[in-house]
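Asks: If you want the building blocks of each chain, they are given just below.
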Amino acid sequence: MSVTAARDKVEIGRGAGAAPLWQVRVGTPLSRAAAIGALAVVVALVLLPAVASRNLIQDLIFVFTMLALAQLWNVLAGWGGLVSVGQQAFVGLGAYALFAGVVTLGIDPVFTIPLAGLLAAVVAAVLGPLLFRLEGPYFAIGSWVAAEALRLICAQFKTLGGGTGMSISPSDLSQMIGLKSAQALFGLRPAAARDVLIYWIALLLAVAVTLGITAFVRSRMGLALAASRDNAAAARSVGVRTGRIRYLLWIVVAFATGMVGAVVYLQKARISPDAAFSVTDWTAYVIFIVVIGGVRTIEGPMIGVLTLWGLITYLAQYGSLYLVVLGIIAILIMLFMPKGVWGEIERRWGIRLFPTQRVLSRTSCGSDLAKNDLAK
Amino acid sequence: MIGLDTVIEGVLLGGVYALFALGLSLIFGIMRLVNLAHGDLILLAAYLVLSVTTVLGIPLLVATLLVVVVMFVAGFALQRLVLERVLGDDILPPLLVTFGLSIVIQNGLLLVYGADSRRLQAGAFESSSVTLGGGLSIGLAPLTALLTAIVAVALLQLVFYRTSLGRAFRATSDNPQIAQLMGINERSVYAIAVGISLAVSVIAAITFGIRANFDPSIGPARLLYAFEAVIIGGLGSLWGTLVGGIVLGLAQTIGARINPEWQILSGHLAFLAVLMVRPRGLFPSRRP
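If you read the protein sequences in the order shown, they are chains A and B.
Residue numbers for the first sequence follow our numbering, beginning at 392 and rising by one.
Residue numbers for the second sequence follow our numbering, beginning at 2 and rising by one.
These are computed hints drawn from the structure, not numbers from a lab.
One should not assume that every hint holds.
Stated by the list, open to error - Pair ranges (Cβ atoms, derived):
| # | chain 1 | residue 1 | chain 2 | residue 2 | range |
| --- | --- | --- | --- | --- | --- |
| 1 | A | LEU509 | B | LEU82 | 43 to 51 Å |
| 2 | A | ARG635 | B | THR164 | 42 to 50 Å |
| 3 | A | GLY701 | B | ILE259 | 26 to 34 Å |
| 4 | B | LEU82 | A | GLY603 | 34 to 42 Å |
| 5 | B | GLU85 | A | ALA582 | 38 to 46 Å |
| 6 | A | SER610 | B | MET277 | 28 to 36 Å |
Claimed, not checked - If you only want the chain A side, here are some residues facing chain B, beta carbon under 10 Å, derived:
| # | residue |
| --- | --- |
| 7 | VAL513 |
| 8 | ALA516 |
| 9 | PRO520 |
| 10 | LEU521 |
| 11 | PRO528 |
| 12 | VAL716 |
What the hints assert, rightly or not - Residues from chain B that keep clear of chain A, each with C-beta distances beyond 12 Å, as calculated:
| # | residue |
| --- | --- |
| 13 | PRO60 |
| 14 | VAL70 |
| 15 | VAL71 |
| 16 | VAL74 |
| 17 | PHE126 |
| 18 | SER129 |
| 19 | THR149 |
| 20 | ILE151 |
| 21 | LEU166 |
| 22 | ILE255 |
In this text the structure is predicted, and so the values were computed from the model without any measurement.
Every residue, glycine too, gets a C-beta built ideally from N, C-alpha and C.
Given only the sequences and the hints, what does the whole structure look like? Please build it.
Replies: Here it is, written out as structure tokens:
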């Protein structure tokens, strides 16, 4: 008998008092330990700017924003079955909303970020009914067409640089909220302090997105979503409103994706339609992260993003060869390890740090067993 | 003012888009597979023809036949070695594999051929034209493209409804399990379908490569045009796909006439408009 299984039973025994005979459980002792570990890592990351170099901070902004995008795509395509190849639409919209807000309206960048998410959500709400008319795989290309149309529309705005793009001048960002305190706190120059501030926002977004998605897929709504993906007719027959739940997911994911887009381009401070709506940068990388790490797991995107970061550090100098290698790795993983690296770890050793599976256990029986186990 | 010449140009452009779309439509119809690498495979075919004609000095027509055979074999192998393993109830794996393939081909072409624009050389054929009355003239190459598209649709229809291979295609498309009970080898039917899809793509690549410049980055746009033509025309109808291509071509040329920057955008908007008004396309097949 494995160690985890025995622990499961101890846990069941503890809650057995007034509990019903059968109980559905998601958490395990290991997952609670992982939660504490994750909290420690997040606290360490919050404090990191005190010691880290500016290069590392910029790298980690990339890691956090890509992690957030990967988690969002994973919940949309993996759990929701909405395989979008057009998420760059919302990254681009968020980025353009940021530039419109900061440059033309003079709003503080930090406040513009949620507004950027809002714009992406509104556009998603309008596009949703149209794209949802395309079944399964055709939805994928449909979303790509929508993203291309939005790229071409954004290129029409001459005040935002048209087809060639534009930059935010440092003076526009000098009054950013919290910048002065970050400067004073670490004794940095404005540009470096801005990176620290964006680093914290990116960290906050990545943590919020990961926690939100974990809570969502463990909830009743998450179960309903998975049911609509696996068999829409059967899900409807037990009262799941499959259309509405997918539509809401699509909008909420667009909202968060738009915010991430705004954060990415706040750090880059330079935008062009081709870059902001790039299918390679905002969808191909994201899909590779999820595929390599493991679809339908919370841990997968984390592993995937660290792998991508490692590959970029060593291979990015080779340009397109790097993308060829990445593409081949993704195809091979899809063929021979379809659940990804973390899926394989789960299967072999039964380790689940952030479990989303529901385990049905019989509590009274379990408590007896547990006592027996404890007695040993 | 939108003149007759714009309309003719749009219809002729539509022929090329219909050729892009045929291969995509074919494998979706038979195996419910959406090949996200379709556009990049068309470009791969164009570059292969380019290499064969320029490096080996073989005439275009012979090169075409050669590359058609090569791409058919490549498609057969692609299905048997790769796609076959991921086809199933879950739509995610085939989409992700073909998307990965798209990125690999696109960047592989970039590595081998560089980012420069290329064009297929067809000698005098490229610039000759047929003069119509009223000061209108039609380029021979675009006209040939449209005629090729019509012939290709007619041939595929013939294969579908008049041959035993076509019967096997339709049976497998309707119900793969029962088709197998009737002695049809599902695996080779699928592999032949992907092979034909890529062979048709070679024809598309040549008609396109003669009339316009191409570089490795434009594959995804070919996929989107092909897809738009299929959806505008209606799923499951090859003649519908031809009409869908023409509607898309017209939308693009009319848009470009109003403002050159709007060419591609008006094609996308026409697609979204059709999706809004007639979600099943203009000529949906009667089969559910």
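Asks: Checking each numbered hint in turn, tell me which of them this model violates, lowest number first.
Replies: 3, 5, 7, 8
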